[in-house]
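Take these sequences, add in the hints, and give me the full structure.
Below, each chain spelled out in residue letters.
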Amino acid sequence: MKKAFRIGATGVAIAAAMGMSSVAHADNADATATAEILEALTLDLQTGTSLDFGSMVVSAASTVSLDAATGALDCTDAGVTCTGTSGVPTFDVGGTANKEVTINLPASITMNHTNGTDSLSVGSIASDGAVDPLTGDESVTLDAAGDASFSVGGEISVDENTEPGVYTGTFNVSVEYS
Amino acid sequence: MMSNSIFRKCVQLAAPMALLATLSAPAPVTAQGDLLVAPTRVVLDGSRGTEVILSNIGSEEAVYRIGLELRRMSPTGSLVPVEKTDANEREDAALKMIRYAPRRITLPPGQPQAVRIAARPGADLPDGEYRVHMSFKAIPKVREVTEEEESDTNGIAIRLIPVYGVTIPVIVRHGRLEAQVAITQPRVEKTDKGQQLVMELNRTGESSTYGELRVTKPGQSDPVFLVRGVAVYPELNKRSLRLHLTPEQAAAMTGPLRFEYREMPDKGGELIAAVDAVLGAATARVPTAGNTAGAAR
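Quick note, the sequences are listed as chains A and B, same order.
Using this note's numbering, the letters of the first sequence map in sequence onto residues 1 to 178.
Using this note's numbering, the letters of the second sequence map in sequence onto residues 179 to 475.
Each hint should be verified, as a subset may be incorrect.
Residues of chain B placed beyond 10 Å of chain A at every Cβ, according to the derived structure [unchecked claim]:
hint, residue
1, 212
2, 225
3, 294
4, 360
5, 425
For the chain A half of the interface with chain B, some residues (derived, Cβ under 8 Å), not all of them [unchecked claim]:
hint, residue
6, 39
7, 45
8, 55
9, 141
10, 172
According to the in silico footprint, chain A covers these stretches of chain B (three or more CB under 8 Å from chain A) [stated by the list, open to error]:
hint, segment
11, 227-237
12, 244-255
13, 265-279
14, 336-345
15, 400-406
Read the hints as simulated data drawn from the structure, not as lab findings.
Glycine included, each C-beta is placed from N, C-alpha and C at the ideal position.
Here it is, written out as structure tokens:
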């Protein structure tokens, strides 16, 4: 379970080192200090992970997909050859133990070619979290230590007319606390 | 990374923030935009404001944008985004009454900063619960496409940058509000993803409820199952809970059981609703007896 301390201290210079503060520490700094323990919520992207399809050379209409659960690239369509490294971004969530949180992802991402005119779309964006069978809403449940992780995958459709080059885009990943 | 600290703590001083020691020398290739937010929900009743702490737990300087967004809870408990243009009257009023600052924060690694929040309800505002969801989002740094990437003209290369963040509910309770919840039909269902504990939370009144759901066996104080942070918002009269069970939990979910929905322990743990039921082993039965308790707030 993630906690943060809110310490009220008046006119006292506390050079607090992040990471290992405690209530006792605050008391040492100022006898009148009060500490309030707050539930905290953390989200971080695991270092070095990203939604990366690698590079593709296309000769005919094909679909390339990244599986959120395994991170595997499906590049089996005949009209496309994939090279380079690929992978999915993995996010770590920390918060209230045994709590379910919603993950919101965009339905699609539009990426723009560096030439400024061409674009390409990523669809079927999904996490490897639990999916509500009725609504399709995605969620993860934090474990007894208040931790959970999820990854995000997607799918690109390309064909021989897709302009070669670099496409860039951003996409929103939102963890919703209730 | 989560593993490098079991307990993340951040310290916020009422005295000037500049007194905090800051960490320096970020690692060269690291995630940028990791964040900590505390507390995880804000309830404002009255004109007194509060603060939410935002801390950069990444290892690079990051710019964060703080905004107000709208969410509605679906009957299955998901928080579904709602565009501001589609806001209803109550959501509109909530957006208008909540003041917060700052809206954009640049933080070096390890550095926290407080975001102040207050509600300014109009004099003629009808009693009720008003809610927005405050989002904390890291703004990605724009990286130029290198010439090396540009020259790779045979193929298609794709660069996708996640803009990631969290939202927490900011709730304004205006006037004296009440809510009652009844737990109905607790049962265990077999699904293709294993066994799930399923039940409905029926809510009435003007207020939301928030707490933990505990399942206990008679004579045992430790719950056989516990979920925390279960919210039922006022836009819902009925929320279904569908909770995944481990095989051990599923095995314990038989016979006479007590299902309790209580306020969170740090809010006093008051009983909101309870029902006693006898569950069968493989398939669920209709609960044999039930009672509910109200929670005034």
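Consistency of the hints with the structure:
1. Once the 10 Å rule is applied to beta carbons, residue 212(B) is inconsistent with being away from chain A; the minimum gap is 3 Å.
2. At roughly 20 Å, the least C-beta separation between residue 225(B) and chain A is larger than 10 Å, which holds for a residue marked as non-interface.
3. No Cβ of chain A comes within 10 Å of the Cβ of residue 294(B); the nearest lies about 13 Å off, and the non-interface call holds.
4. For residue 360(B), the shortest C-beta to C-beta distance to chain A comes to about 20 Å, beyond the 10 Å cut-off, and the non-interface label holds.
5. Its beta-carbon lying about 16 Å from the closest one in chain A, residue 425(B) satisfies the requirement of being farther than 10 Å from that chain.
6. Contact between residue 39(A) and chain B, as hinted, is supported at the beta carbon level, the nearest pair being about 5 Å apart and thus within 8 Å.
7. Checking residue 45(A) against chain B: minimum C-beta separation of about 4 Å stays under 8 Å; hint holds.
8. Because the beta carbon of residue 55(A) sits about 4 Å from the nearest beta carbon in chain B, less than 8 Å, this interface hint is met.
9. Hint on residue 141(A) holds. Least Cβ distance to chain B is approximately 7 Å, under the 8 Å limit.
10. Hint status for residue 172(A) relative to chain B: holds, with the closest Cβ pair at about 5 Å, below 8 Å.
11. A count of 5 residues in the segment 227-237 of chain B with a Cβ less than 8 Å from any Cβ of chain A is obtained; the coverage claim is therefore met, three being the minimum.
12. Remark: the segment 244-255 of chain B is confirmed as covered by chain A, as 5 of its residues place a Cβ nearer than 8 Å to a Cβ of that chain, reaching the required three.
13. Figure legend: the segment 265-279 of chain B, annotated as covered by chain A; annotation inconsistent (0 residues with Cβ-Cβ distances under 8 Å, at least 3 required).
14. Here the segment 336-345 of chain B counts 10 residues with a CB under 8 Å from a CB of chain A, which clears the bar of 3, and the coverage holds.
15. Against chain A, the segment 400-406 of chain B contributes 3 residues with a C-beta closer than 8 Å to a partner C-beta. That satisfies the three-residue criterion, and the hint holds.
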